[in-house]
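*Asks:* With the hints as a guide, dock the two chains, each given alone in a separate frame, to form the complex.
Sequence order for the protein chains is A and B.
For the first sequence, the numbering used here assigns the number 1 to the initial residue and increments by one for each residue that follows.
For the second sequence, the numbering used here assigns the number 1001 to the initial residue and increments by one for each residue that follows.
Note that these hints are calculated values from the structure, not bench results.
Heads up, the beta-carbon is just placed ideally off N, CA and C, and yes, glycines get one too.
Incorrect hints may have been included.
Here's a subset of chain B near chain A, in silico, CB distances under 10 Å, partners left out [stated by the list, open to error]:
#	residue
1	TRP1019
2	ALA1122
3	VAL1196
4	ILE1210
5	ASP1308
So the derived label-pair ranges between C-beta atoms look like this [to be verified]:
#	chain 1	residue 1	chain 2	residue 2	range
6	A	PRO183	B	LYS1269	51 to 57 Å
7	B	GLY1058	A	SER70	56 to 62 Å
8	A	LYS34	B	LEU1102	55 to 61 Å
9	B	GLY1139	A	LYS34	37 to 43 Å
10	B	GLY1139	A	ASP148	16 to 22 Å
Each chain, written out:
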Amino acid sequence: MVGIVGYGSYVPKYRIRVEEIARQWGADAESYRKGLMVEEKSVPAPDQDTITMSVEASRRALARAGIRASDIGAVYVGSESHPYAVKPSGTTLGEAIGATPDAHCADFEFACKAGTEAMFVALQLVKAGSMKYALAVGADTSQGAPGDALEYTASAGAAAFIMGKDNLIASCELTFSFMSDTPDFWRREHQFYPQHGGRFTGEPAYFKHVYQCGKTMLDKSGLKPSDFAYAVFHQPNGKFPTKVGQMLGFSKDQISQGLLCPKIGNTYSGSSPLGLTAILDVSNPGDLIFMVSYGSGAGSDGFIWKITDRISRVRDAAPKTWDLIQGEKIYLDYGLYSKYRRKIIKNS
Amino acid sequence: MSRDVAVIGIGLSRWGELWESSLRDIFVEAAQSAIDDAGVDKIDSMYIGNMTAGIFTGQEHLAALMADYLGVTPIPAARVESACASGGLAVKMGYMDVALGLSDVVLVGGVEKMTDVGTDEATYALATAADQDYEVYHGITFPGLYAMMARSHMLKYGTTREQLAEVAVKNHYHGSMNPLAQYPQKITLEQVMNSVMIADPLRILDCSPITDGAAAIILCPLDLAKKISKKPPVRIKGFGHATASIALHNRSDLTSLPATAKAAQLAYKMAETSPEKIDLCEVHDCFTIAEICVIEELGFAARGKGGDATASGATRLGGKIPVNVSGGLKSKGHPVGATGVAQIVEIVTQLRGEGGARQVENARTGLSQNMGGSGGSTLVHILEVV
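So here's chain B without its partners, still in its complex pose (with noise of 0.2 Å):
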């Protein structure tokens, strides 16, 4: 009954401050450009990835507030949200739709509209994804818990505040050739350790930013998509999707993120292929720890191993295993809704070889892992060129 799904079209809304843009200027923006791309003259459903627009701008009713805007009214559209991973599950139930026949033309979206408020207001609003009763009524942030998964890492497995910063000093290096990186700046370790603390060990360079954007993909069955795709079709060979319990606390161990092997052993599964057979992944690094947390739960270095694998340069552009060549959370940005659908449409570049300076090489096999808050979902695809 399931059909095979491809990506034929990639779009990005511009990326940072966007001070002149509403919320479905930005959406509208990445989602014509995907169309675009894709060169489709219809779209049959709609699926949108968002986070919290009801804080963030005070719209809710998103998924029709959109069709409408994109000119593509009657069809079915939803949204849909799961914290930063929104955008990651946006791309799941797109591919749904289309394996399942329901659809043939998907467009998936993702949309984070987050300067319209204040740092006060925007941390509130990025802290309804952590557990509301158990979490952040006794005060803790984001930062906060990040924080605690760095220092249980450090106690345990030795991992240095040194390793930390190359994460970030290697993924802003990957955003320097991105064009559409908000902050494409390159950055020392020494610029890292010695920047603003924001919640011991992790200072403000550990942080993605704040950040207004969108993306887009279509997707198709990939029978459709060799008849029409002008570009090489990529194939989603396999997802993964899992849940762990929201809480930090609740979890055995700080330093692990459950949801994220589970999904990982999944879309490995489901790909049928395994760690070794990935040319190059799209994490999830809100936070430099996030990372190195990451890249050990998909089997790219053994546990406890993260901060070492960095450090050593595997996951650098070059290196065994390029981690984040977008730039990633980091230097790219973090519309939160909008990322898990934004490492897709790198994943697509990549594979299609249009990544310019940053671009892997012999690029075959792309994974990318979307997770929200501090891992109590987790979304992971793999896609292949075909």
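Excised from the complex, chain A in its bound form (with noise of 0.2 Å):
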């Protein structure tokens, strides 16, 4: 059996309400915090990116594993907003956790489900016998164009997964994944911004494929929604995973403890693994997790998590992520979040 050794949440310090946000651009707040179902975002430091939020992540991850990060085989990182168009981030996050020089690196990226691409890699590669521990991350510091829907919600956060075969928190029972060529969203190289279908983005991209994708875990695993403890789903905004986890049967007190895009908006790659990261906090040995991502282009990836007894004994070695969620905070207005997100463009 496979599964998670260690895990790991980061969330920035860094806050921006969406009534600031409608202040800047005249527009109706009210209806974006009911619409979306969102209060306020995560902000990155300026000086954070998606490199630095997964060394954090990872780092916590050790701390749980119990490790060396010498042991660990592979280093991948899922993003949007890796910080280099050409040059990995996951050499950089190798280095600074301890896990060079023998280790494989890869940097995914699929839109929002990059950082469930590489937990699923990660764990074949275990499975297969490749290496002992391989390391996956989930995280972006992703944009939304002034103005636009997705700048209410496009957030920063990272999680990482340590996955091996021994000393599981918790074993994966099955994975699947669904996918289609369905452009809902898409940033093409040199855009600073993504651009996307407005609505398109709903019933044809987001529900269709994490609907799909979680009816067949369903079907495969012969599991009836009332057998999970916990539900986790792909969080654009408050309203989707909400939407969708109804239609898959599942009530809204399995959703609640996963659900941080109200509090910390949409954080794309770090998304569902974040949820999943406040799953595992509060989780007893012998709870089961249903988990589904999204990635616009399109696709989704599905795992069913089993909680061991060891889960108990390695949550408390580091932070977690509800008392992120909830714990220091600097609400920023729009004028230092422009800053701070480098959308002032010198010309000179």
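*Replies:* What follows is the structure, encoded as structure tokens:
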């Protein structure tokens, strides 16, 4: 059996409220609050990026795993905001945590599901016996165009998982992936902000892929929604995961622990992985967790996790995700936010 | 020289966000449905109403394309355009073809595929129906133009925000009984009043949606209809077609729709009828204020009293003159080029007595009003069951 031996999360302390963004654009904050079910979003500091947040989350994963970094055989980072177009994020991460030089490294990109892609590949390599441990990170400092609906949710965060065969805290009971060529959201090379197909991102994109992936996992596993203690879905806003959860038969109680978007926004590649860390923080041995990611373009990766006895011995070895979300917060006005997110372009 | 003209077949495609269907797919769906309904085995000519497929989908040369995909080439086919009144104009062209004896069986369709572009592009495409040099260039969009009409109506006649909302509440109530409506949800006055602001005083629930959809009807001489139609033929008794300035500021009164007034006058005259003899009407409620202005121009409410008439329930199903029992553009949807044809589809449905839960009792005569832009062009048709 393969699964998770350590996990860690990272959320920057800076926040901007929906009201502050709406005020800037003369928009109706309440309609975004209600329509997107989001209150505020995390903002990275000026010197933070996908790599630095990956390092933070990975160190916490190592602390919980209790292994030597040099035993990690693969370093995988999934993101749509890798700081470099050419040159991997994973080499810097590997160096920073001490996983170099005897390791394989790759960066992943698949819009918001790059993180679960990394998790999937890491799991399979360990399962194949190619390495003892593999590190998979989902991290993003995503950007929405100023004034665009995406600006209210595009945020920053990271989640890291060390996959292995022994001393598991959660075994992977099933994986399934579902994908099609559905261009609902994209960013071409040299474009600063992504474009999206408006309402097309809903029904034929997010809902079709998350639902089909989730439905097939239920069919393949023979499990019912009520068999699961928790469920976590990709959360581009608060509304979509709540709705798709209901469509699949999950209750709000099963979803709420992993539903972080209303408080931190959409962390893209970190989205459902961060939700999973929040669930691991509180789950009990024997609990089953249902997880489906979503990446535009489009596809979903599904996982069924089963918690082991080891969880209670390791979860306090690093900060818990909801504590990070509800801990120290510094609210930015739109001016500082623009500066931090490098939206202010100096021409000279 | 003129022959009486009847509608013997009607058809609609599905309406909504049809991600899986193309422009041609939805047209063929509606056309095939109308052909099946009429039970005809040939079409002599075809007219298609479409506002701006060129912008929405990049496709022009629609008439030949649709004839090809419907499998009716080499018949003559023409696409006609008059902004949101393109469908109504296509009906008039089909009427003329049959009346003049140029064709016996004419298919009149309307189609628009609007959801292949984003909101900004859709807004741009629709704004091409306004005056580019004197309106659009300066930043106005249709919600803005109709908002000015609403403000003027409120100032001049004391029409209230609640009365505007009553139009939306009524049309969604009607739409809730229409299985083909895009937004069949019933809504409350409070929901309209608290919905997102678009252009003060118009909120999102005052506005018709963006829709993919098509509609089609089959026309033939009344004499032929009596012989071949299994359903009661519905005669087009009269029509009116008129224009006005497409720039709102060129009108002496922002609350009036002179093209609608003129088209109505012509249609009543040709049909030898009057507003009090009409049993139901389908009007162009692209925004709630539009329905209020239109029912005044059609003579269903006194000048300035369109809001009062709506709030009184006179225009509701069961009222004195039911308006938009289909749900109207507001609830049923508004694929712009298809709307004028779809209005005829609803009138024929009602005059045949096939309206189901939304059937207007003893409906014998119906009127449709379809207008382009902020009222720069209007088609009015009056139909009567034979």
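*Asks:* Taking the hints in turn, state whether each one holds.
*Replies:* Do the hints match the structure? See the list:
Restraint check, B/TRP1019 versus chain A: the minimum CB separation of about 4 Å is within 10 Å; hint holds. The criterion of a C-beta within 10 Å of any C-beta in chain A is met by B/ALA1122, whose closest approach is roughly 9 Å, and the hint holds. Because the closest C-beta pair between B/VAL1196 and chain A is about 5 Å apart, less than 10 Å, the hint holds. Annotation: interface hint on B/ILE1210 holds; nearest CB of chain A at approximately 9 Å, less than 10 Å.
Checking B/ASP1308 against chain A: minimum C-beta separation of about 30 Å lies over 10 Å; hint violated. Taking the beta carbon of each, A/PRO183 and B/LYS1269 are about 53 Å apart, inside 51 to 57 Å as hinted. Here the CB-CB span from B/GLY1058 to A/SER70 is close to 57 Å, well matched to the stated 56 to 62 Å. Evaluation of the 55 to 61 Å hint for A/LYS34 and B/LEU1102 yields a pass: the beta carbon distance comes to about 56 Å.
For the pair B/GLY1139 and A/LYS34, the supplied restraint of 37 to 43 Å is violated, since their beta-carbon distance comes to about 29 Å. Against the hinted window of 16 to 22 Å, the Cβ-Cβ separation of B/GLY1139 and A/ASP148 comes to about 19 Å, which satisfies the hint.
Violated hints, listed in ascending order, are 5, 9; each of the other numbered hints is respected by the structure.
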